[in-house]
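As you go down the protein sequences, you meet chains E and C in turn.
For the first sequence, my numbering gives the first residue as 1310, with consecutive numbering after it.
For the second sequence, my numbering gives the first residue as -15, with consecutive numbering after it.
Bear in mind the hints are in silico, worked out from the structure with no lab data behind them.
Please note that a few of the clues may not be correct.
Only pairs whose alpha carbons sit at most 35 Å apart, straight line, appear in this in silico DSBU-like list of lysine-lysine [stated by the list, open to error]:
(1) C:Lys16 x C:Lys199
(2) E:Lys1338 x E:Lys1311
(3) E:Lys1311 x C:Lys195
(4) E:Lys1384 x C:Lys22
(5) E:Lys1315 x E:Lys1413
(6) C:Lys199 x E:Lys1315
(7) C:Lys195 x E:Lys1315
(8) E:Lys1413 x C:Lys110
Chain C is nowhere near these chain E residues, computed Cβ spacing over 10 Å in every case [unchecked claim]:
(9) Gly1344
(10) Lys1364
(11) Gly1380
(12) Trp1381
(13) Lys1384
(14) Val1386
(15) Ser1388
(16) Phe1391
(17) Gly1412
(18) Ser1416
Cβ-Cβ distance ranges computed for the label pairs, FRET-style [to be verified]:
(19) E:Glu1363 x C:Arg115: 51 to 61 Å
(20) C:Ile112 x E:Gly1353: 15 to 25 Å
(21) E:Leu1333 x C:Leu192: 51 to 61 Å
(22) C:Tyr114 x E:Gly1382: 47 to 57 Å
Glycine included, each C-beta is placed from N, C-alpha and C at the ideal position.
What follows is the residue order along each chain.
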Amino acid sequence: MKITTKFWIGLGVLVVLSPLGLLLPGHFKAGSAWGEWGANEVKGFIGYIPHGLEKLSSLWSAPLPGYAFKGWGKKPVASLSFAYILSAVVGILICVVVVLILGKFLSGKK
Amino acid sequence: MHIPDGYLGPATCGFFYLAMLPIWTAASRIVKKTLTAKQVPMLAIGAAFSFVIMMLNIPIPAGTTGHAVGSVLVAILLGPWAACIAITVALVIQALLFGDGGITAIGANCFNMAFAMPFAGYYIYKIISYRASIDSGRRVLAAGIAGYIGINVAAFLTGVEFGLQPLLHHNVNGQALYCPYGLNVAVPVMAGEHLLILGWIEAIVTALVIKYLQKHSPELLTARA
């Protein structure tokens, strides 16, 4: 088997395992990563929302925020895991397509 | 380690976008000279690997999480400039599509994880594995140490960027405008969690893949873009 084939299989395994990145922190009741809190969480820590943070934090509305569907904050774990896997697949596909396009340009005529 | 929108002020965001421009330009120029069409799928795999490994959040004490990045491994296999491009692609997609990392902070996040980390890791690997045979254990050790130091360089920089904000931006009442935690908190937290836990994860992942490749695809440890 070619090594690239093995790598693709490895990526597939990582995709299947990816919900662990959601479930393990959930199991241990771990919150957000340090410095990646929502504006209200920050208010809970320091008593106010920094003005610039409040303005900028809603600047961008990502289509799949936090590797889930919009408004899925309170969904059951199974649905969130599904969204997580789907996000991993979508993310990987787009990474691959973008790099293949860039690569066509970057690898030139060699 | 993905700095969101609103945590860095405009000066810091602008500075790192400006810093990344020549780096991205150099990366594309250098990679254009060296990358062969056959290596493009590996580059795509590198970007995809980094993307998905960063989704694997690991709970760490103090109620927070973190993750490995994978950029040192990509740098060892494809060279630091190609790694810079692959990790940039992953980070931009994470920011735009998934809101993981802010769009105003893409410059800073790329500087930390797509530039500082792969370059630091790559050269540490080169130094430690200097003249080591392809199948030598020193190469595996070098990969592990490079992964550990690489992610810690990125984490330290992230801590400094967070921590500078209260100094740079506050109102007359002394309230922070962006990240409210100074260097005395941000640097020890970011450095601590990566020195104690996440660095080891990065080290193990990097070393194990290199060990696997020594057996199954040693040619990848010699050829490099």
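Practice task
Against the structure, test the hints numbered earlier, and report the numbers of the ones violated in rising order.
Solution key: 2, 4, 9, 10, 17, 18, 20 and 21
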